[in-house]
Structures are given as structure tokens and as C-alpha cells.
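Protein chains in written order, with our numbering: chain C, 1 to 292; chain D, 1 to 258; chain P, 1 to 391; chain H, 1 to 319.
Keep in mind that the hints are not guaranteed to be accurate.
[As the list claims (entries may be wrong)] Cross-link-like lysine-lysine pairs, in silico, PhoX-like; alpha carbons within 25 Å at most:
no., chain 1, residue 1, chain 2, residue 2
1, C, K33, H, K237
2, D, K154, H, K117
3, D, K154, H, K83
4, H, K7, D, K95
5, D, K5, D, K202
6, H, K303, H, K7
7, D, K75, H, K201
8, H, K303, D, K131
9, P, K341, P, K63
10, D, K134, D, K75
No lab work stands behind these hints: they were computed from the structure.
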Amino acid sequence: MTVFFQQLINGLSLGSIYALIALGYTMVYGIIKLINFAHGDIYMLGAYFGFLAITYLHVGFFPAILISMALCAILGVVIERIAYKPLRNATRIAALITAIGVSYFLEAGTQQVMGTSVRAFPQVLNNQVFNIAGLRITEQQIYIFVTTIVLMLILQFIVKKTKIGRAMRAVSTDSDAARLMGINVDATISITFAIGSALAGAAGVLVGIYYSSINPLMGMLPGIKAFIAAVFGGIGIIPGAMFGGFFIGICEAIVSGYGGSLFKDAVVYIILIVILVIKPAGLLGKNVKEKV
Amino acid sequence: MTILKVSDLTRNFGGLCAVNNVNMEIDEQELIGLIGPNGAGKTTLFNLLTGVYEPSSGKIELNVDGQMKSIGGMKPYAVTRLGLARTFQNIRLFKDLSVLDNVKIAMHKNIKYGVLAGIFRLPAFYAEEEKVEKEAINLLKIVRLDHKKDEFAKNLPYGEQRRLEIARALATHPKILFLDEPAAGMNPQETGELTALIHEIKEKFKVTIILIEHDMSLVMSICERIYVLDYGKCIASGSPEQIKNHPRVIEAYLGEEI
Amino acid sequence: MDSKNFFKLLTAGALSLTALAGCSNDGGGTTDEKVSIGLHYELKGDAADYGNAELRGSQLAIKLANENEDYQFTYEGIEYDNGSSENEAITISQRLISDGVVGVIGPSTSAPSAATYPILNDAQTIVVSPSATANNQTLVDPDDPNSDVYEYVYRVCFEDSYQGAAMAQFAVDTLGVQKVAVYGSVSSDYAKGLNTAFTEQLEKLGGQVVANESYQDGDTDFSAVLTSLASQEFDALYIPGYYNEAGLIIQQARELGIDCPIIGPDGFDANTLVELAGADNLNDVYFTTAYTTVDASEKLQAFIDAYTEEYGEAPAMFAALAFDATNLLIEAIEKAGTTDKATVNETIANMEFSGVTGDFTFDETHTPNKSVLVVELVDGVQETAVSVTPE
Amino acid sequence: MKKMLNKANLYWLLFCVGGYALLMGLMSAGIIDAVNQTVIQTIIVNIILAISLNLIIGITGQFSLGHAGFMCVGAYSAGVMLKQIGGLNGFFIGILIGMVINAVLALIVAIPTLRLKGDYLAIATLGFGEIIRIIVLNMDITNGAAGLVLPRVVDFTILFVFMVVALLIVVNFTRSAAGRACISIREDEIASEAMGINTTKYKVIAFVIGALIASWAGALYAGNFYVINPGMFTYSKSIDILVIVVFGGMGSMTGSVISAVVLGFINSFLQSFSNMRMIIYGLALVMIMVFRPSGLLGTREFKFSSLFKRFTKKKEASQ
């Protein structure tokens with residue numbers, strides 16, 4: 001039983017990271033219905049920004065994460081303006097291909113600039129270990145979990161209680177109507193990209209600290225997993241993305257922990273498909289039938 | 001002879017009862033009007049009859065070769081195959097396809113060659129395709145769109161799009177034709193033409209027609225019988241004369257001119 | 001912007017890139033007779049880490065050769081990126097053939113290699129592979145040990161089965177291990193080949209694999225599997241795989257309190273392993289390799305110094321292997337005194353080569369006869385090296 | 001029979017035979033060198049993949065990202081049979097086995113998931129494709145991650161014939177009643193169903209045909225390119241195919257063909273740029289989409305009949 005709870009803790013740490021990436025996916029999707037394939041690469045760049053900040057500016061954990069979030073936010077907005085904005089009225093699949101192009105560009109560009117090899121992420125946290133009731137919890141895990149929860153609460157506050165959050169919800173429901181109500185739709189979309197990318201940046205730094213290894217292709221798989229997490233919880237729904245992220249993290253940990261590490265991805269996909277077949281709009285999503 | 005019988009039909013959406021215990025009995029080749037204020041449940045009733053929604057309770061029966069067959073809850077395509085065809089309130093043409101293709105698609109259930117015959121271009125393919133083309137053009141002639149057969153549906157003016165929807169519905173060889181607000185957005189002249197067209201179709205195809213319409217002059221001039229819906233309930237039915245003077249109808253339409 | 005302008009833009013872009021490429025291909029040459037060597041590596045994509053390390057090794061070898069006044073030819077490396085894709089590897093091989101190379105160094109990994117060999121061999125172009133370690137990789141049909149060897153294909157690395165068996169021998173004989181947990185990669189045939197050979201030899205010597213877990217290359221979270229391993233009993237943990245994952249596994253394993261010896265293949269041999277695992281965690285860690293910095297030979301030390309000076313970092317095993325592979329080809333060309341491919345090929349087949357990863361000749365499968373060294377790490381530093389031969 | 005020999009069909013036949021003869025001639029004369037021969041082989045495999053995916057995405061409007069999975073099954077069926085039986089016989093038996101497996105798999109995938117819409121369908125099919133790959137990765141007969149090393153048994157003629165047959169099937173399907181039904185699903189599923197079309201049935205048919213043709217592409221790949229391993233059939237492969245389809249124009253088979261050719265040569269051209277090429281490729285994708293979001297051809301098709309029309313019109317004008 002202890003092993004099971006230990007796996008749960010492992011899964012929560014991994015799930016926190018998926019959840020942070022999934023939030024960005026879900027926000028962008030909610031507002032312009034774009035599967036932003038490049039989001040996983042923003043997360044990767046977040047890790048590199050953190051790496052550079054710690055290595056060359058010799059900053060600590062919190063400054064590193066803030067620098068990385070700020071740079072990722074800027075990057076997200078720049079990408080949106082250059083690559084996605086011209087396609088706002090094109091088919092969604094054209095926008096998707098653009099996102100794939102951006103993803104290739106960021107990956108190959110990072111390989112070119114930073115080199116292809118794996119970098120060891122500098123350790124800025126003491127790795128103290130706490131033993132609680134036979135369970136091993138590291139200081140890093142606590143940092144990851146707490147940072148994730150705090151960021152999510154801030155996000156929830158922004159979306160639900162602030163003016164910009166209201167604008168985001170309005171644009172996501174009906175961007176034309178929002179424009180008529182005097183909302184600056186372009187600015188709102190940019191802010192959504194900024195927030196989503198900042199969260200991915202934070203996830204990048206956290207993952208760097210947790211696993212102490214970063215490389216230019218590290219964003220591909222977590223990007224897909226996070227998208228699955230978002231779909232799983234009901235894409236466009238913020239609590240859904242959090243829930244999906246945690247669920248997938250825990251699921252992977254438990255499957256690998258019990259000897260199925262080769263099938264951990266397969267199990268995630270199977271659960272996803274089953275959920276979608278039973279509840280086509282995701283776990284927390286509402287089934288909206290098209291009006292005839 | 002009864003062709004469609006609706007008994008105690010009810011549909012709830014959450015707490016809202018959109019269609020409440022509606023009973024109808026429609027004879028062959030009747031021309032029926034379905035009226036009521038906005039939100040009365042007319043389109044929901046259409047959607048129930050054509051299989052888009054499943055009834056919460058109640059029965060819908062269709063006369064199929066002399067037998068009354070329950071069709072409530074059947075899939076829309078199955079209902080269409082049994083002889084019910086419809087148009088949509090908010091026009092649902094295949095916008096990026098040609099006018100001719102719109103009609104051809106609707107003839108699908110009557111095409112007698114399979115997928116493989118299509119892929120390998122067996123003789124049946126050529127024979128059937130020729131037939132389909134001829135019939136589709138004939139239908140377009142009836143709605144006076146044959147000269148526009150190669151245009152994209154989305155490029156037609158509004159009135160013509162409505163007529164194309166009617167032609168498309170006819171292409172399924174229906175026994176009952178449901179028209180959801182066919183005159184919406186038309187000017188008086190177009191409405192007049194439409195009235196003539198509906199009469200022509202009824203005579204030519206021996207088809208039963210049920211239409212939802214807000215244009216009372218149209219309804220009163222062509223419908224043989226009228227059902228009135230309000231808050232999901234059928235509050236009156238009868239001839240146009242009877243409906244005009246029915247106290248509950250006047251109440252429901254208070255402020256609206258009949 | 002209309003389409004006309006767009007195409008103008010595209011053309012302009014393409015032209016400027018062509019110009020750029022023209023510049024970069026212009027290496028400094030001194031003599032007229034330039035000998036082209038194809039450098040066919042994974043510079044982007046999943047295996048880019050290994051490909052880039054090898055490219056540097058090859059470039060250094062060519063640079064040093066051109067500085068060597070005893071050599072009669074000037075060498076030029078023609079680089080291509082196969083993007084870690086087998087399909088691309090084929091066209092690149094054909095490009096190299098039409099570029100008129102004498103020989104090709106690369107690719108780094110087995111799958112693109114398998115796609116390349118038939119083409120290069122048919123064109124009688126020599127291939128010296130730095131790191132295609134798969135069992136029977138140099139044979140026409142790798143599933144049939146009796147099939148013909150590709151006449152023009154050589155490799156300078158061990159075969160997987162050889163060093164896997166050597167590690168099992170060392171574990172039982174020297175470490176006195178009986179029960180071993182294996183946590184290996186399934187993404188590469190390298191790791192799978194090692195795993196099979198290790199297990200076979202271990203069982204032959206009376207040992208036992210008590211747990212067999214797997215990961216995929218690119219994974220970063222091993223805590224789940226290691227947590228369940230930590231609750232089992234074993235004398236050693238064998239990690240057949242490369243340093244990128246092995247480094248993290250060692251770090252996470254030590255943190256979870258797995259303090260038995262950790263053993264692995266030459267895939268451990270890179271500075272990245274130390275960076276990822278942390279020097280403190282690298283005690284009681286052993287790996288098989290062909291070359292070691294312990295009591296480094298003069299030749300090896302010279303290579304390490306030259307490499308460090310050139311690139312500002314210590315070479316990984318991949319760079320050393322590529323350095324040897326490239327030097328092997330260059331030396332053969334010098335020795336044959338011609339760029340005639342058949343003659344050079346004959347020279348290689350009978351050559352006694354002395355490189356930074358050991359002195360060797362080729363056996364009948366064009367695989368080197370090198371002795372396996374087992375290196376021990378103490379605080380992340382190579383401490384001792386012993387030679388092992390599997391029985 | 002008479003109708004089959006109409007003008008357009010005749011011209012297509014001439015076009016195919018002529019194209020084949022021309023390419024064959026250029027190859028044997030050495031004007032098309034080895035590099036470009038391989039590029040052409042790759043393009044042919046990509047054309048088959050693209051049109052089969054186009055049938056699902058472009059014609060029927062079902063966003064599938066699991067195509068690599070079907071290709072994987074085709075490749076491994078042919079690969080395993082090539083190992084077991086060997087030669088062209090083994091290859092063709094492998095193709096048949098691959099088609100049977102793929103038909104079954106496509107049905108298993110299609111029936112539950114095709115109820116899903118848009119991106120939900122995309123991610124569910126992506127999941128199925130990955131599941132297939134993970135199973136192949138863990139099987140013994142497929143030799144796991146190492147994959148299979150195979151002899152080359154396919155030549156240009158076989159590739160070309162398969163491509164023409166695949167094109168013929170997809171184009172004829174699209175221009176038959178069933179194809180019209182599929183297109184109507186793409187345009188408006190509700191209206192389509194109201195017109196008496198069993199939308200589920202036609203989605204499944206299109207999906208199965210697409211899967212079968214994708215399995216040919218996989219088999220041809222295995223028989224032509226020496227090596228197959230599970231790493232080739234990740235979702236990135238599905239995305240690569242999607243890129244070809246979208247770049248050519250969704251719903252346009254002509255577009256898919258042209259796009260496969262153009263991207264194939266762009267890619268080959270970029271090989272000379274060594275490690276800059278993925279960066280350029282990514283930028284090119286973005287630029288192409290920004291400037292031509294509906295792809296090269298949109299939904300337009302090349303037809304000999306419209307060529308005649310234009311020609312006769314010009315004649316009339318000149319008279």
C-alpha cells in the first residue's frame with residue numbers, strides 16, 4: 001500500500017507539469033479553437049530560459065521562474081501575431097499546420113542555437129527529503145506541487161474575477177459579439193497567449209529542476225500528453241485541464257509502477273478513448289447539440 | 001387515409017417541456033399549416049417527426065404500405081428513407097457544392113448501384129448516373145433553377161436557396177414534405193411565387209405537405225387545416241376559418257394580427 | 001500579398017540560402033587533389049545528440065589530417081543531415097555517391113545504417129561506421145548469422161552481444177553479483193541487444209535477472225519504476241542504454257536509496273552522465289567501454305586535448321569512435337596511396353589500426369577485435385579500468 | 001463498355017501510360033539520377049498516403065490523426081511476410097494480410113470513434129495510431145524497436161501501378177453516389193442525414209478504404225526502403241501526411257498529388273543545407289499557410305474536360 005501511495009506522489013508531481021501545460025492548451029483552444037502544436041515547444045523554451053537565467057545570471061528559483069514566464073509570454077504573443085493572426089479567418093486545419101510549422105521551427109532552431117545535446121539543469125533547490133508515514137516526499141516535489149496550485153488559483157482568479165478574464169470568456173463564447181460590445185478581441189487573444197505561454201514556461205522550469213535534464217525535443221511528448229489531458233477533462237475548461245493533467249500523471253505513474261512501463265502511453269490512450277466514447281465532450285465538458 | 005399519426009408526443013429539455021402532449025392526425029395529400037408564436041415548439045415538433053430528436057414520450061406512426069409503423073426515435077436518415085423529407089428554418093444547403101450536386105445527393109436512397117460498382121465503374125454506374133442527372137435537372141426545372149445548375153449553392157440569392165432546399169427535399173421522393181418557414185425573408189412577390197410552387201408540387205407529386213410559417217396570408221390562403229402550438233401544447237386545430245376565430249388562438253397571438 | 005509577390009519572396013529566400021550554403025561548403029584547401037569523405041550523420045531529430053558528437057569527432061580528424069605534413073592528400077568532409085530518418089538516409093547515400101566520395105563515415109544509429117549499407121555497398125563506396133553496434137549489422141541479412149558480409153562496410157565499435165556478455169562476466173567474477181535487476185531502454189536495438197547478451201551470459205554463469213523493467217528513450221520520469229524496484233532485493237542494477245536516460249536513472253535511483261552497484265554499457269561514457277546524475281551519485285558505478293581516460297595513452301591524451309581545445313568540452317565516446325572511424329579511412333587511403341575505392345577497401349580489410357579507442361584488426365564480419373574494458377567511477381571520475389573477456 | 005471509353009478516360013489512360021514511359025525512359029537514360037529516383041519513390045508512397053488520408057479528411061471531413069498506424073500495419077505485414085516467405089510472393093501475401101488486418105482495425109476504430117467530432121476525433125484516432133505502434137513495438141515477430149531489415153523487392157513499375165490503382169479507386173469513389181454522400185457529410189452532417197444518407201455507414205466506408213490504401217503505402221515502403229521500425233510510424237508521420245494533404249488543398253486529389261511532388265523536391269533540395277533544413281522547412285510551412293491557407297488548389301481538381309472547355313472557348317474567341 002505504501003508503494004501505491006508513493007506512486008501517487010510521483011504521479012502528482014508529473015501530473016502538475018502536464019496540468020500546467022494543459023492549461024495553456026485549453027485556454028488557447030477555448031478562445032480561438034486552435035490546437036497549438038507549438039505549445040509543447042514553448043514549454044521546452046521555458047526550460048531553456050530558466051536554464052540560461054540560472055547559469056548566466058546566477059539567480060535563484062523564484063527569479064528564474066519569473067524570468068522564464070515573462071520571456072515565454074512575450075514569445076507566445078510574438079508567435080501569435082506573426083503566425084496565427086493572419087490565419088484567424090482561415091480553416092482551423094490551416095492554422096493547425098501553421099502551428100506544426102512553428103513547432104518544427106522552434107525545435108530545429110533550438111537545436112541549432114543551443115546544441116542538440118541534453119543539458120543538465122543547475123540545481124537551485126536543496127533536495128531535502130521528508131519521510132512522512134513511510135512516504136518519501138522531496139522538497140522539489142513540494143515546490144512543484146505548490147507552485148502549480150498557486151498558479152492555477154491565480155489563473156482561476158484572473159479568468160473569473162477580473163475584467164480581462166471577462167473579456168476572455170466573452171471572446172471565447174462569441175468573438176464577433178464581443179467585438180460589438182467594445183472588447184478589443186486582438187488584445188484579448190494576445191493576452192490569452194501570453195498567460196498560456198507563461199504557464200508553459202513555468203512548467204519548463206519546474207521540469208528542469210525536477211528531472212535536472214533538458215533537451216530541445218523535450219516538448220514533443222509532454223505537448224501531446226497535455227493536449228490529451230485537456231481533451232480528457234473537456235477542452236476549453238480550465239478545471240478540466242487541471243484534472244486531466246493530474247489524472248494522466250497519476251495514471252502513468254501507477255501503470256509504470258506496476259510493471260507496465262512500456263504500455264503506459266497505451267493505457268493513457270485507451271482511457272482517453274473510452275472516456276470520449278462515453279462522454280464525447282470530455283469528462284467535465286457539456287454535450288452541446290447543434291441547433292437544427 | 002391517415003398517413004401520419006402523432007399521439008401524446010412530449011419532449012423535455014431539462015426542465016423545459018418544449019413539446020407537450022401533442023396529438024395530430026394527418027391524411028394523405030393534405031396541406032397542413034403549423035403556426036404559433038415564437039418559441040412555441042414548432043421546429044422542435046418538426047425535429048421530433050423527422051428523427052433529429054428522440055421523443056421523451058408518446059408515439060409517432062407513419063403509414064408504410066398500408067401499415068402504421070412507429071417511427072419515433074428512428075434515425076433521421078431512416079425516417080427519410082420511409083418517405084419524410086424536410087427543409088430547414090436556417091437553410092442548410094451544401095453550400096460549397098453545385099446546385100445540381102445538392103439535388104443529386106438527396107437522390108441517394110434511390111440510386112441502385114453499390115460502392116464497388118462506383119469504384120470499378122460497372123455498367124450499372126453509368127446507367128444510374130444518367131438517370132440521376134436527368135431526374136435532378138427535371139426537379140430543378142420545377143423550381144426554376146435549371147439554368148443555375150452549375151453554380152455554387154452559396155452564391156444563389158436567398159429566395160432561390162429556399163427553392164433549392166425544396167427541390168432537394170423532393171429528390172428523396174417523399175410522401176410527406178415538411179417545410180420549415182419556406183417564405184421567411186421573402187418579399188411579397190416571391191411569396192406569391194412560392195404559394196404557386198407549393199400548389200404545383202402538391203398536385204404533381206401527390207405529396208402531403210406540412211409547413212411552419214409566420215406569414216399568415218400564406219398560411220390562410222393555402223393550408224387546408226391548421227394546428228396551433230403555444231408553449232409546447234396544441235391549443236387549437238381546424239380549418240383556417242375556425243382558427244381565425246378561435247378565442248385561444250387570439251389570446252396566444254395577443255397583439256399580433258391574424 | 002498576392003501570389004506573385006509570394007513566389008518572388010520564396011525565390012529570393014532560396015537564392016540567399018544557396019549563397020550561404022556556397023560559402024559554408026568552401027573549406028580551406030591547400031593542394032589540388034582533394035579527397036572527399038562523406039559525413040552522414042543524424043544532426044537533427046531523435047538521435048541528433050549522437051550524430052552531432054560524431055560529426056565533431058570526424059571534423060577534428062579531418063582537420064588534424066590536413067595539418068599532418070606526412071599525408072599526401074588533402075581531405076574534405078561533405079556533411080549531410082539525415083534527420084534521423086531512414087528514408088532520408090537513402091537519398092543522402094545516393095547524393096554522397098554522386099558527390100564522388102571515397103568513403104562514408106556514419107550514420108550513428110542502426111536503423112538509418114541498415115537503410116544505407118546496401119546502397120553504398122552496391123556502389124562500392126566504403127562505409128566506416130562509428131557506432132552501429134547492432135548484432136550482425138554488417139551482414140547482408142542481419143537475421144542470418146551465416147549470410148554474406150557487406151564487402152565495403154566496416155565498424156569500429158563493439159557488437160552489442162560482446163560487451164553485454166563481458167559485463168555479465170565482470171559482474172559475477174569481480175563484483176560477486178548473483179541477482180541483477182535490469183532497467184533497459186526498448187527504443188534502441190542497442191539496448192535490447194545488450195540486455196539479451198547480458199542476461200544470457202549471466203544465467204550461464206549461474207546468476208539471475210530478478211526484475212526486468214523497460215523505459216523509452218526521451219523519458220525523464222523513472223521514479224515510478226524505481227520506487228517499485230527499491231522495494232525488491234537485488235545485488236546490482238544493469239542499465240543498458242545511453243547516458244541521457246542513464247544519468248537520470250542513476251540520480252533518481254540513488255535518491256530513492258538504491259545503493260547497490262550500478263552497471264552499464266559504453267553508452268554511459270559521456271560527461272553528460274556526470275552532469276545529469278551528479279558526481280556524488282556516481283560511486284560504485286561500472287561500465288564497459290573500449291577506451292578510458294585512466295592511464296590514457298599518449299595518443300588518447302592528444303585527442304582529448306585537441307578536442308577540448310577545439311570545442312571547449314571533453315569528448316564523449318561517440319566523438320572518439322567517429323574520430324577513429326574517420327582516421328581509419330584516412331590512414332587507409334594514405335597507406336594505399338590512391339583514392340581507388342577497391343584498393344582502399346582491401347587495405348582496410350587487412351589493416352592493423354591503432355586508434356584512441358584501442359588497437360584492432362577486423363574479423364570476418366568487419367567488426368573490430370577489441371578488448372573490453374570495465375571502468376569504475378568514483379565520484380564521477382574514472383578510477384580504475386580492467387580488461388574483461390567473456391568466457 | 002462504350003461509356004467507359006469516353007474522351008476523358010481515354011486521355012487519362014494516355015496520360016498515365018505516357019507518364020510512366022517518360023519517367024522510365026529518363027531513368028534508364030540516367031537523366032533522372034539515383035538520388036532523384038529515390039525522391040520519386042518516396043513521392044509515390046507519399047501520394048498514396050496523401051490521397052488515402054484526403055479521402056477521410058478532405059472528402060468526408062473526418063479529422064483523423066491515426067493514419068500512420070494503418071501504414072504501420074501495412075508495412076509490418078509485408079515486412080514479416082518478406083522475412084518468412086520472401087520474394088515478391090511474400091510481399092503480395094503480406095499486402096493481403098495487411099489489408100485484412102487493417103480492415104478489421106479500421107472497423108474497430110471507426111465504429112466507436114466516428115461519433116466524435118473535430119478535434120476529439122483527431123485525438124482519439126491519434127491515440128489508436130499510437131496504440132497500434134506500441135503493440136508493434138512490443139511484439140516478437142516484429143523484432144521490437146530494432147524493426148526489420150528487408151531486401152528491396154519493389155521496383156518503379158510496381159510502385160507506379162499501385163499509385164495509379166489507388167488514385168483510380170479514390171477518384172472513382174469520390175465521383176460516385178457513395179462519394180457524394182461522403183462529401184455531403186463534410187458539408188453538413190445534419191442536412192446529409194435528413195437527405196436519407198446513413199452518415200455513420202459512409203464515414204466508416206471512407207475510413208476503411210483510406211486504411212486499406214494506407215496499408216499499401218506501408219507495404220510499398222517496406223518493400224522499397226530496406227528498413228522499417230516502429231519509430232517511423234509515430235503520430236509525427238500522421239502529421240507529415242496531413243501536411244501534404246492540407247498543403248495541396250483538402251478535398252482535391254490533384255492537389256495532394258502536386259503537393260506530394262512539390263514537398264518531395266523541396267525536401268530533397270533542402271538536404272544540401274544540412275542542419276539548417278528543418279528550420280527552413282518549418283518557416284516554409286508557416287509562410288505557405290499564411291499566404292495560401294486553403295492549400296495550393298483548394299478543392300479544385302484538374303479535369304481534362306475543363307481543359308477541353310477552355311480550349312474550345314479560346315478557339316471560339318479567336319474565330
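Each hint tested on the structure:
no. : hint              : verdict
1   : C:K33 <-> H:K237  : holds, 23 Å
2   : D:K154 <-> H:K117 : holds, 24 Å
3   : D:K154 <-> H:K83  : violated, 55 Å
4   : H:K7 <-> D:K95    : violated, 30 Å
5   : D:K5 <-> D:K202   : holds, 20 Å
6   : H:K303 <-> H:K7   : holds, 11 Å
7   : D:K75 <-> H:K201  : holds, 13 Å
8   : H:K303 <-> D:K131 : holds, 23 Å
9   : P:K341 <-> P:K63  : holds, 22 Å
10  : D:K134 <-> D:K75  : violated, 29 Å
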